[in-house]
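Participant: Protein chains in written order, with this note's numbering: chain E, 1 to 169; chain Z, 1 to 411.
These aren't lab readings, by the way, just hints derived from the structure by calculation. The beta-carbon is built from N, C-alpha and C at its ideal position, and this holds for glycine as well. Heads up, some of the hints might be wrong.
[As the list claims (entries may be wrong)] If you want a taste of the chain Z side facing chain E, the calculated C-beta under 8 Å gives, among others:
(1) Glu26
(2) Gly62
(3) His65
(4) Glu69
(5) Glu73
(6) Tyr248
(7) Lys316
(8) Val319
(9) Glu343
(10) Gln381
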Amino acid sequence: MENVSNQQIIEALQGQFGEEAIYGIAESHGILQVTTEVEHIVPMLHFLYQHPVLKFQFLTDLGGIHFPEAKGQELGVIYHLHSLENNVRLWIKIYVPIEKPEVPTVTGLFATANWMEREAFDFYGIIFEGHPNLIRILNVEDMDYHPMRKEYPLEDATRHDKIDELFGR
Amino acid sequence: MSEVALVNNPNVGLDKTPKSGPYVNELTTLNLGPTHPATHGIFQNILTMDGETIVDAEQTVGYIHRAFEKIAERRPFYQITTLTDRMNYCSAPINNMGWHMTVEKLLGIEVPKRAQYIRVIMMELARLADHIICNSILAVDTGALTGFLYVYQWREFIYEIYEELCGARLTTNMGRFGGMERDLSPVAIEKIKKLLAELPAALKEFESMVVRNRIFMDRTQNVGAISAERALNYGFTGPNLRAAGVDYDVRSLNPYSSYEDFDFEIPVGTKGDTYDRFLVREEEMWQSLRIIQQAMDNLPTGPYHADAPHYYLPPKQEVYRNMEALIYHFKIVMGEIDAPVGEVYHSVEGGNGELGFYLVSDGGRTPYRLKFRRPGYIYYQAFPEMIKGSTLSDAIVTMSSMNVIAGELDT
Chain E
1 MENVSNQQII EALQGQFGEE AIYGIAESHG ILQVTTEVEH IVPMLHFLYQ
51 HPVLKFQFLT DLGGIHFPEA KGQELGVIYH LHSLENNVRL WIKIYVPIEK
101 PEVPTVTGLF ATANWMEREA FDFYGIIFEG HPNLIRILNV EDMDYHPMRK
151 EYPLEDATRH DKIDELFGR
Chain Z
1 MSEVALVNNP NVGLDKTPKS GPYVNELTTL NLGPTHPATH GIFQNILTMD
51 GETIVDAEQT VGYIHRAFEK IAERRPFYQI TTLTDRMNYC SAPINNMGWH
101 MTVEKLLGIE VPKRAQYIRV IMMELARLAD HIICNSILAV DTGALTGFLY
151 VYQWREFIYE IYEELCGARL TTNMGRFGGM ERDLSPVAIE KIKKLLAELP
201 AALKEFESMV VRNRIFMDRT QNVGAISAER ALNYGFTGPN LRAAGVDYDV
251 RSLNPYSSYE DFDFEIPVGT KGDTYDRFLV REEEMWQSLR IIQQAMDNLP
301 TGPYHADAPH YYLPPKQEVY RNMEALIYHF KIVMGEIDAP VGEVYHSVEG
351 GNGELGFYLV SDGGRTPYRL KFRRPGYIYY QAFPEMIKGS TLSDAIVTMS
401 SMNVIAGELD T
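For reference, chain E alone in the conformation it holds in the complex:
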């Protein structure tokens, strides 16, 4: 098992895609995270998959996220990659505007992305272009909204016993 440092991953990505392509570099409990542009995501995943040393060949998870305050990049997709050979994890994040939430699919590279992308579409309305079967997966088909978006409150608005003010929040 070779030791791959997070710095090596950053250098490899910057060498391939240029300095500006990746930003928001941070580390959380040893896991490197980078943010990139939508157009880079598929080449980047292919590059990391085929890299002779890094070998990020396992897609652990893929999930959506919604930041209503971040104008122009409200919706995000987080790719959790894992290089099983080096035991290194990596998060790649991309953000898209909510009016045009279009992200290219990665089902061509990872078969497992199929349902993960369907789930992100179901809950956040992120449209994965080129996905073979982009339909709802966990919610009912005739639902006309994407429930994990932050504008849909969980609690019943008519309830009066759970008002935050009463609890000093």
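We have chain E already, so just place chain Z on it with the hints.
Facilitator: The following block gives chain Z in isolation, referenced to the frame of chain E:
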């Protein structure tokens, strides 16, 4: 020439090429599920069949979707533990501990060694219960009911041990942030010792009945096979991936909760078929027993929970007598304590594979976003590929051996 000879002659007889009219070759659509007794859970598969061969399968999931990820965004951290119970309900303690460890990572709580060992014991008991369910029911699905009865009472016994520790059986809500809610009681220790002493005999009996059984082998070998390459591409983890020959186990690759202290082996298969999945789970049960034995032998003394007053409920006697304890009790129960800002991913080896928790905290009292990486959801999508070309009865056995749990899949 007699009539019999005419029928047996291969050159004389019915023309097998499809004809038009009533004899045209037609595909059948068969609706398997959503509530079919053989699928052990609510799954729908619309199978396209050519005679008895499956040509294609279309899956529908989500029948028991309960919006856990959305609910979690409104709940204080400790209330989310009860949601994790209801994911893979066959091994609820693993889910609980995984969630506790995720939050402890975010909060930076150091868990004492004794609590870590008790966690390991409970997680391995849960793995035993999970594998007992999967393997014995796989045997039932192939027609061997007796073995199931031998080992299933031990699952019941494991639930009794859970009861000793947390009071619940199925949806355990076991442990707290920072450790366990109570120490191993003398009864619990006695019961664990009894399990370690007597389960091997039952397991051996079960194995001698099933493992080299001709019928069982014929029903499971080369059924529902998947190659290591495809399994990795489909995001398989856990026993299903190991059956295909990849030795990825979170417990050894990224040890948590002191798993590095224990000596255990990771069984791997070669073909990734139903028989291999069965054998891998069987061997994992023996390894679990080994781990529990080691943990019981080397159980450290000391506190069973961390000193984390902001997150760990004070003892009830203290709450009535001590003002600080009362304040903390109230604040914890009402979920008034803010968590630090951060982003955490933690994964544990669940009964079915890598169970991950991706937690984004914005510094509030609830998670900003919580994503569960449910192994069952991820590998179940390979099911159509695994059953293509096999018969309906093989599909049932394949599904059973994959151990797909509806609660985990649908969150």
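Participant: Enumerate the violated hints, using their earlier numbering and listing them in ascending order.
Facilitator: Structure breaks hints 1, 7, 8.
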